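Visitor: The hints should help you fit chain B onto chain A, whose structure is shown.
Spelled out, the chains give:
Protein chains: 2
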Amino acid sequence: MRAEIIAVGSEMLTPDRVDTNSLFITDRLNTIGIDVIAKSVAADDRGLLGGQLRLALTRADVIVFTGGLGPTSDDVTREAVADALGVPLDEDPLTIERLERRFARRGVPMPAINRRQALVPRGAEVIVNEYGTAPGLLFERGGTVIALLPGPPREMKPMFEGLVRGRLAGLTGGWGIFRRVLKTTGRPESQIEEVVQPIYARWASAPAPIQTTILATPGQIELHLAVCAANDAEARVVLDAATGEIAGALGPTLFATDTRRLEEVVGDMLRERTLWIATAESCTGGLLASRLTDVPGSSAYVERGVVCYSNRAKTELLGVPDAMLREHGAVSEPVARAMACGIRERAGTDLGVAITGIAGPSGGTPAKPVGTVVVALAWAGAERVRTLWFPGDREPVKFHASQAALDMVRRHLLKADG
Amino acid sequence: MRAEIIAVGSEMLTPDRVDTNSLFITDRLNTIGIDVIAKSVAADDRGLLGGQLRLALTRADVIVFTGGLGPTSDDVTREAVADALGVPLDEDPLTIERLERRFARRGVPMPAINRRQALVPRGAEVIVNEYGTAPGLLFERGGTVIALLPGPPREMKPMFEGLVRGRLAGLTGGWGIFRRVLKTTGRPESQIEEVVQPIYARWASAPAPIQTTILATPGQIELHLAVCAANDAEARVVLDAATGEIAGALGPTLFATDTRRLEEVVGDMLRERTLWIATAESCTGGLLASRLTDVPGSSAYVERGVVCYSNRAKTELLGVPDAMLREHGAVSEPVARAMACGIRERAGTDLGVAITGIAGPSGGTPAKPVGTVVVALAWAGAERVRTLWFPGDREPVKFHASQAALDMVRRHLLKADG
Numbered sequence: 001m002r003a004e005i006i007a008v009g010s011e012m013l014t015p016d017r018v019d020t021n022s023l024f025i026t027d028r029l030n031t032i033g034i035d036v037i038a039k040s041v042a043a044d045d046r047g048l049l050g051g052q053l054r055l056a057l058t059r060a061d062v063i064v065f066t067g068g069l070g071p072t073s074d075d076v077t078r079e080a081v082a083d084a085l086g087v088p089l090d091e092d093p094l095t096i097e098r099l100e101r102r103f104a105r106r107g108v109p110m111p112a113i114n115r116r117q118a119l120v121p122r123g124a125e126v127i128v129n130e131y132g133t134a135p136g137l138l139f140e141r142g143g144t145v146i147a148l149l150p151g152p153p154r155e156m157k158p159m160f161e162g163l164v165r166g167r168l169a170g171l172t173g174g175w176g177i178f179r180r181v182l183k184t185t186g187r188p189e190s191q192i193e194e195v196v197q198p199i200y201a202r203w204a205s206a207p208a209p210i211q212t213t214i215l216a217t218p219g220q221i222e223l224h225l226a227v228c229a230a231n232d233a234e235a236r237v238v239l240d241a242a243t244g245e246i247a248g249a250l251g252p253t254l255f256a257t258d259t260r261r262l263e264e265v266v267g268d269m270l271r272e273r274t275l276w277i278a279t280a281e282s283c284t285g286g287l288l289a290s291r292l293t294d295v296p297g298s299s300a301y302v303e304r305g306v307v308c309y310s311n312r313a314k315t316e317l318l319g320v321p322d323a324m325l326r327e328h329g330a331v332s333e334p335v336a337r338a339m340a341c342g343i344r345e346r347a348g349t350d351l352g353v354a355i356t357g358i359a360g361p362s363g364g365t366p367a368k369p370v371g372t373v374v375v376a377l378a379w380a381g382a383e384r385v386r387t388l389w390f391p392g393d394r395e396p397v398k399f400h401a402s403q404a405a406l407d408m409v410r411r412h413l414l415k416a417d418g
Numbered sequence: 001m002r003a004e005i006i007a008v009g010s011e012m013l014t015p016d017r018v019d020t021n022s023l024f025i026t027d028r029l030n031t032i033g034i035d036v037i038a039k040s041v042a043a044d045d046r047g048l049l050g051g052q053l054r055l056a057l058t059r060a061d062v063i064v065f066t067g068g069l070g071p072t073s074d075d076v077t078r079e080a081v082a083d084a085l086g087v088p089l090d091e092d093p094l095t096i097e098r099l100e101r102r103f104a105r106r107g108v109p110m111p112a113i114n115r116r117q118a119l120v121p122r123g124a125e126v127i128v129n130e131y132g133t134a135p136g137l138l139f140e141r142g143g144t145v146i147a148l149l150p151g152p153p154r155e156m157k158p159m160f161e162g163l164v165r166g167r168l169a170g171l172t173g174g175w176g177i178f179r180r181v182l183k184t185t186g187r188p189e190s191q192i193e194e195v196v197q198p199i200y201a202r203w204a205s206a207p208a209p210i211q212t213t214i215l216a217t218p219g220q221i222e223l224h225l226a227v228c229a230a231n232d233a234e235a236r237v238v239l240d241a242a243t244g245e246i247a248g249a250l251g252p253t254l255f256a257t258d259t260r261r262l263e264e265v266v267g268d269m270l271r272e273r274t275l276w277i278a279t280a281e282s283c284t285g286g287l288l289a290s291r292l293t294d295v296p297g298s299s300a301y302v303e304r305g306v307v308c309y310s311n312r313a314k315t316e317l318l319g320v321p322d323a324m325l326r327e328h329g330a331v332s333e334p335v336a337r338a339m340a341c342g343i344r345e346r347a348g349t350d351l352g353v354a355i356t357g358i359a360g361p362s363g364g365t366p367a368k369p370v371g372t373v374v375v376a377l378a379w380a381g382a383e384r385v386r387t388l389w390f391p392g393d394r395e396p397v398k399f400h401a402s403q404a405a406l407d408m409v410r411r412h413l414l415k416a417d418g
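So the protein lines, in turn, are chains A and B.
All residue numbers for the first sequence refer to this note's numbering, where the first residue is 1 and numbers rise by one.
All residue numbers for the second sequence refer to this note's numbering, where the first residue is 1 and numbers rise by one.
Just so you know, the hints here were simulated from the structure itself, not pulled from any lab data.
Worth double-checking, as some hints may not be accurate.
[As the list claims (entries may be wrong)] Sample of chain B residues at the chain A side, in silico, Cβ under 7 Å:
#1 K39
#2 V41
#3 G286
[What the hints assert, rightly or not] What the simulated footprint calls covered on chain A by chain B, stretch by stretch (three residues with Cβ under 8 Å from a Cβ of chain B suffice, anywhere in the stretch; the number is not a length):
#4 10-17
#5 46-57
#6 310-320
Keep in mind it's a predicted model, so treat the numbers as computed, not measured.
C-beta atoms are modelled at their ideal positions from N, C-alpha and C, and glycine is treated no differently.
So here's chain A without its partners, still in its complex pose:
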């Protein structure tokens, strides 16, 4: 079943406000197996709302409006919906009575303006609002359910909750949508897609079809799986099998099948193996250490870090030879290796990880353009070093570089296990 959500209000069309009602509504609809296929925010205007409703009627089984049910002339959701459905508005005497009682309880007469809130499009059912003056309205039109709810969350939420448990729950027989996110790093989106495409083409036509979306964020590609199932246990069986299949195809590129970030995965691995780590950073300027120490409990495996922005700091803090810096430049594999070994030795840790690079916007050369990054890892008796190039500005380059360094640690620990 497919739902569409329409939030009404010009104030949500400014540069610093977002509609959050739809997140609650989506969550509640998903739990009973109803998918949200579109949502919109429209200004307080009858034409705009009517147009959006007519479009929604062509594609959704459940249409939820929030907002625009207040008493002022700005509030036009009732009128717009009645117009679009071609029905008149009638004043509902029961609602008038309820409003008058509500105002009387507060010791004031009902303002004339509030009579508008008792207008009901013919054929609609009134939903009592326990927390405010705007009643909700509910239609069923040729198999489509249309709900009009007030905008304030503390009025909308209990009203919608009642609707989900009552009217809407029956529509899908208790089925729900269950999700899982699989996170990968170290390979570009198109490569991931190539590997998983044949798998999820098969899933889409399975008896319990799994919907998949690929989401690319800097340094990380996520696969979002969603399955429709009768309950959590059933969903878990399907999602576990799907996760296993993806894990087999992607190998170590897959770093999490739960909500953990890369720094948490690496932290958990270090803690389980009781290993200590120290960092030496140039272009990332402390971001790698900061991400490692974002994780609660990281003082059990992070010993120290240094940010050696100047060449002098690289020599003094890490023992990188002056001659090496002169010969190869600060952004080079020998220097990255010397940084990793230097921090490991001086900190006395199991692992030393180092990053040097050109974050930009200046400092690039044809041989080493902006975005060139060298990461290195040192452990007992050996090192590994890689030169990489990342696109974008200073901050994405810093993030990508820290992600590559974390991933180098993770892959090393995986290999060390095998």
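Guide: Using the frame of chain A, we list chain B on its own:
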């Protein structure tokens, strides 16, 4: 003029994701006097996108799509728009060439799948993407401008900025909404509100009324001013006067009246005065150094940083006496002062700044609860130290602490001038 924004992507129809691209786009459109009348999020589905476009064509002068221009079969914006406008898709050889060059720079062949990104609906103009593989597309149809932009903000923003300055700026003859953001730090929202409330009550009824909003973010309270004016110069006169009034009332609490972040303001001050700085961090784990080095050109004033997570690192890297750590504890004013002096001496810089604290969730005591942070600054012949307490989890505490340290540097430099 009326605009509609359509964000494409099933992942934004889940209970925990919102579209934020539309906020940036709204802000830029408002600046040139274009109002956003509706915005929507639609799943990756040709039918849905085509329907929304056909509706938008009946009511908007500018239609902006974001997302769905990637290389995978999920990415259907190109196809949906071509369908709805009734034009075929042609492969653009120039775009193919540009994509191949981009992949070649990274030393990999272009995956076959990326050819899809070179498909151009006939009649559309290609907008080069400097930061990713998905080119933008631009149509003009009977007075309506339709722009298709990539979803990732760092690709979309520069592309849209270019479009606003170029193609769209002429449409409205300059009349627009002009905004300014004033940023403060070091005082709570309620104190800021008390000072500015009487001022902006007066503004609201002025001949050129200024709308104001207070926005509280961690470690920072912002005042957002908006004024409607015929052109930039007119708006600037009104906003400059308003800014002057607020600056007078808030003094050094106001740190920026432009878009600069606190680390940029501090960076500019250090560069102008040709001063060098070095950092010593415990609980912030490198965040302070990372923020300082987020600023392009920061290698001209950041010499080094150390993250001394263990007590041993505090002694070895900064010369904090063992006895002092034992007597006062790592989170104490003597230790913070010794850290600031230690890093300044060893790095040979003008300033040394240090942070030690308890970021949590564990490690708190009744005398030093989670959120206790000590920041210290050392300069030639003197130091300053402050003990603070911040609410929240580990990450907000880290951010607040780095903000307080940056602000201590800023206020010191202001005073040193006076």
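Visitor: Hint by hint, say whether it matches the structure.
Guide: Evaluated hints:
{"no.": "1", "hint": "K39", "result": "5 Å, holds"}
{"no.": "2", "hint": "V41", "result": "5 Å, holds"}
{"no.": "3", "hint": "G286", "result": "3 Å, holds"}
{"no.": "4", "hint": "10-17", "result": "holds (count 4)"}
{"no.": "5", "hint": "46-57", "result": "holds (count 5)"}
{"no.": "6", "hint": "310-320", "result": "holds (count 5)"}
Violated hints are absent here; each numbered hint is respected by the structure.
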